[in-house]
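Q: In case you want the letters, here they are:
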Amino acid sequence: MPEGVAENGGYMIAAYIVTAVILLGYSVLLARRTRKSTSRRTDVQG
Amino acid sequence: MTLAQRGRWITLGALVLLAGIYVRALRFTPVELHQGPAQKIFYLHVPAAWSAMLSMGFVGLASILFLIMKDARLDRFAAASAEVGTTFCCVMLTTGPLWARPIWGTWWTWDARLTLTLMLFFLFIGYQVLRGAVTDSRLRANYAAVVGICGLILLPFIHLSVYLFRTLHPLPIVLKPSAPSLPASMLVTLLLSFGVFTLLYVGFVMQRYALGETGDA
Amino acid sequence: MRELLRHAWLIARKDLQLEFRSRTALASAFVFTALVLVIFEYGRDPTAVPTIDLAPSILWVTFSFAAMLGLNRAFQAELENQALDGLLLAPISRTSLFWGKFGANLVFVALVQIVGVLLFVLFFNVPVWRVWLPFLLVCALATIGFIAVGTLFSAMVVRTRFAELMLPVLLLPFLLPPLIAAVAITVKLFAGRPLSESAGWLRLLAGYDLAFVSLTTLLFPATVTE
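Protein chains in written order, with our numbering: chain B, 1 to 46; chain Z, 1 to 217; chain R, 1 to 226.
Note that these hints are calculated values from the structure, not bench results.
Some hints could be false.
Derived Cβ-Cβ restraints for the label pairs, each shown as a range [what the hints assert, rightly or not]: (1) B/GLY25 x R/ALA90: 50 to 56 angstroms; (2) Z/LEU33 x R/ALA206: 31 to 37 angstroms; (3) Z/GLN5 x B/ALA14: 51 to 57 angstroms; (4) R/ALA206 x Z/ILE64: 22 to 28 angstroms; (5) Z/ILE64 x R/ALA27: 40 to 46 angstroms; (6) R/ARG203 x B/GLY25: 52 to 58 angstroms; (7) B/GLY10 x R/THR47: 54 to 60 angstroms; (8) Z/GLY20 x R/THR47: 56 to 62 angstroms; (9) Z/THR135 x R/SER196: 50 to 56 angstroms; (10) B/THR42 x Z/GLY13: 22 to 28 angstroms; (11) R/PHE20 x Z/ARG101: 24 to 30 angstroms.
None of the values given here were measured: they were computed from a predicted structure.
The C-beta atom is built at its ideal place from N, Cα and C for all residues, glycine as well.
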């Protein structure tokens, strides 16, 4: 990295981590809710 | 394959592509000269904004169509889009200040874009809180549609009012956060990221819609 | 059209008569307004910030909170006595019902604003009378905008749980454009600037009112369909 560029890489890393956490977290949340609802349905039907 | 399964595959695919974006943005896209590495937050923040706006647009559109056609599927789609939009808003509201702090020296400013984001977030939250507070499904769908349509029409007014305010009281901006003309490699990264975030929207909404079908929302 | 307005007037008059008989909401709104102004008066440091800078914001914060108080009671009375069903069965159009409610809310908020401005002039010594006409215009335009949305939303939230909490949550984003515009114009007016300098803001207010009075009128029937 050239001299004189701001040393703000920490913010970049934080932002990338937070975004990943939010998006992965929501994906997992959706998957779990789907599993819970399908298992409930098979329980009712089965 | 059920809708939920297809949605899950699409989401998975989008997440893998997102990892690709991460690599490309962090490793293979040049660092911006004036802003430094923090500028790379741009490749996540702006596409997230796009997805959030897209979500709201579809909530509004589905709401209008629902009031005309009374098809419950449209209401379900609006609910799904709102929840997904909230997620993207969260990404915006976290990456925004993390970008603002090193560039503008402050975590938050009431500029047009950030204020619009915050209000969009409140709209999504209000929409979902309202849905949660109404037990009758027909009433809930009607109420949600009303708020959805009002919310959509509100957005340009929020933008205009904050923009007018800020141009009359300009902020002491140290560095301009978004360059009007991007060099090619940065533009490509951005466009790819747009694509991935759009795909994420699709995958998320499919799964969330499927949840709505089982009567869980 | 004449029929519509006549019915709307009947609804509005009924609401206002009810309110004047009990006076609870008006009283609490007046007290609240006075309280807020007193708090701001004693909270500020007179040597630090000139009143004129704070004045418009304080005024409009007060107005919006008072409006919220008024909006909450808009459909309360009907709900408590199941009177809403009766109203819906009556041979008046949904639009008349909405405009009646809207009108009553406007009158309510206007009364609170008048008292608020009087107290405001008393406490903050701001020369409102010099610009009373443009100020009146701004107040009217801004208030019409968010009361329209507020009336529509209060019709919905009154049937939900946590109604008093729900209304501010839903209404907040809708308050932003008219309030920002109102504060911006008020600042200019109190500073002695001509109204023409606020042309952009006035257009925004007018546009907002046009858009949302039409939209809320259109959407109201959807909130009372059985």
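Q: Can you let me know if the beta-carbon spacing of R/ALA206 and Z/ILE64 is within 22 to 28 angstroms?
A: holds, 24 angstroms
Q: State, for the Cβ atoms of Z/GLY20 and R/THR47, whether the hinted interval 56 to 62 angstroms holds or is violated.
A: holds, 60 angstroms
Q: Between Z/LEU33 and R/ALA206, is the Cβ distance one that fits in 31 to 37 angstroms?
A: violated, 45 angstroms
Q: Within 52 to 58 angstroms: is that where the Cβ-Cβ distance between R/ARG203 and B/GLY25 falls?
A: This hint is violated: roughly 43 angstroms between Cβ atoms.
Q: Between the beta carbons of Z/THR135 and R/SER196, is the distance compatible with 50 to 56 angstroms?
A: holds, 52 angstroms
Q: Determine whether the Cβ-Cβ distance between Z/ILE64 and R/ALA27 falls within the hinted range of 40 to 46 angstroms.
A: holds, 41 angstroms
Q: Is the gap between the beta carbons of B/THR42 and Z/GLY13 within 22 to 28 angstroms?
A: holds, 27 angstroms
Q: Does the Cβ-Cβ separation between B/GLY25 and R/ALA90 fall within 50 to 56 angstroms?
A: holds, 51 angstroms
Q: Is it true that the C-beta distance of Z/GLN5 to B/ALA14 lies inside 51 to 57 angstroms, as the hint says?
A: violated, 34 angstroms
Q: Mind checking the hinted window 54 to 60 angstroms against the Cβ distance between B/GLY10 and R/THR47?
A: violated, 41 angstroms
Q: Just tell me: holds or violated, for the beta carbon distance of R/PHE20 and Z/ARG101 against 24 to 30 angstroms?
A: Cβ of R/PHE20 to Cβ of Z/ARG101: about 53 angstroms, so the range 24 to 30 angstroms is violated.
In summary, the numbered hints that this structure violates are 2, 3, 6, 7 and 11.
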